[in-house]
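Enquirer: Okay, here's what each chain looks like letter by letter:
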Amino acid sequence: GEDVEQSLFLSVREGDSSVINCTYTDSSSTYLYWYKQEPGAGLQLLTYIFSNMDMKQDQRLTVLLNKKDKHLSLRIADTQTGDSAIYFCADYGDNQGGKLIFGQGTELSVKP
Amino acid sequence: DTEVTQTPKHLVMGMTNKKSLKCEQHMGHRAMYWYKQKAKKPPELMFVYSYEKLSINESVPSRFSPECPNSSLLNLHLHALQPEDSALYLCASSQPRFNTEAFFGQGTRLTVV
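Going down the list, the protein sequences come from chains C and L. Letter 6 of the first sequence, counting from 1, is numbered 6 in our numbering, and no numbers are missing. So the number in our numbering is just where the residue sits in the second sequence, counting from 1, plus 112.
None of these hints come from the bench; they were simulated from the model. Possibly wrong hints are sitting among the right ones.
Derived PhoX-like pairs: lysine-lysine, alpha-carbon spacing no greater than 20 Å straight-line [to be verified]:
#  : chain 1 : residue 1 : chain 2 : residue 2
1  : L       : Lys-165   : C       : Lys-99
2  : L       : Lys-150   : C       : Lys-36
3  : C       : Lys-36    : L       : Lys-152
4  : L       : Lys-148   : C       : Lys-36
5  : L       : Lys-148   : L       : Lys-121
6  : L       : Lys-150   : C       : Lys-99
7  : C       : Lys-56    : C       : Lys-68
8  : C       : Lys-56    : C       : Lys-67
9  : L       : Lys-153   : C       : Lys-99
10 : L       : Lys-148   : C       : Lys-99
11 : C       : Lys-36    : L       : Lys-121
12 : L       : Lys-153   : C       : Lys-36
13 : C       : Lys-56    : C       : Lys-70
This is chain C alone, in the form it adopts within the complex (with noise of 0.2 Å):
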């Protein structure tokens, strides 16, 4: 089946930029997705990219793809504390009959 992968954990300092990435392997893929979750609590959308992308860029969000190397990230700018939580990448792909693949999350932690 269809995978996606995220490294496990990212430390930065409050004020810094952070860059969570994912790689996927669905060829299919048409949206990717970028989720944060806090502790407790559900799965907020925070962007989203179609696949004819390179770039999107929504306030202190930015999101890159490489469609040929089937890489993607999500760049915070200006990382604040409140951003501590554990991010999702998903994709779905027109060969995946309605399921959106989730990675394995990237717990972001950020020190004051």
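Starting from the structure of chain C, add chain L where the hints point.
Expert: Frame of chain C; chain L shown alone:
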């Protein structure tokens, strides 16, 4: 309104109990999903309803029974659960085929005792 509302937020049930989880959205989405999530793990898909019909069942045990009474509501009926079924149960909605935003609810934290 981009909200998916789940009730209850917390549920403790015995292994012989019958309970139901509820999910509601008013975004006009015609696909709704149930996911199960263990702590610090990614959500695992359980069921997908598309246009109120069950389109995906990921080999979920029959003690979990989904129901989609209309395009805004999704239920998950629980019966004779096991302690290992304790988890966060998440509901999500989108247009069919996830071709735009896919929104999740805050989840129901289920504990089976």
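Enquirer: Would you mind marking each hint as holding or not holding in the structure?
Expert: These are the hints, each one checked on the structure:
1. L:Lys-165 to C:Lys-99: 15 Å, holds
2. L:Lys-150 to C:Lys-36: Holds - the C-alpha atoms of Lys-36 of chain C and Lys-150 of chain L are around 16 Å apart, at most 20 Å.
3. C:Lys-36 to L:Lys-152: Within the cut-off at roughly 12 Å; holds.
4. L:Lys-148 to C:Lys-36: Roughly 16 Å separates the two Cα atoms, so the pair holds.
5. L:Lys-148 to L:Lys-121: 14 Å, holds
6. L:Lys-150 to C:Lys-99: This hinted pair holds, its Cα atoms lying about 18 Å apart.
7. C:Lys-56 to C:Lys-68: Holds, at roughly 17 Å.
8. C:Lys-56 to C:Lys-67: Judged against 20 Å, a Cα distance of about 14 Å means the pair holds.
9. L:Lys-153 to C:Lys-99: With a Cα-Cα distance of about 17 Å, the restraint between Lys-153 of chain L and Lys-99 of chain C holds, given a limit of 20 Å.
10. L:Lys-148 to C:Lys-99: 14 Å, holds
11. C:Lys-36 to L:Lys-121: 19 Å, holds
12. L:Lys-153 to C:Lys-36: Roughly 13 Å between the alpha carbons, so the hint for Lys-153 of chain L and Lys-36 of chain C holds.
13. C:Lys-56 to C:Lys-70: 16 Å, holds
In the structure shown, no violation is registered for any of the earlier numbered hints.
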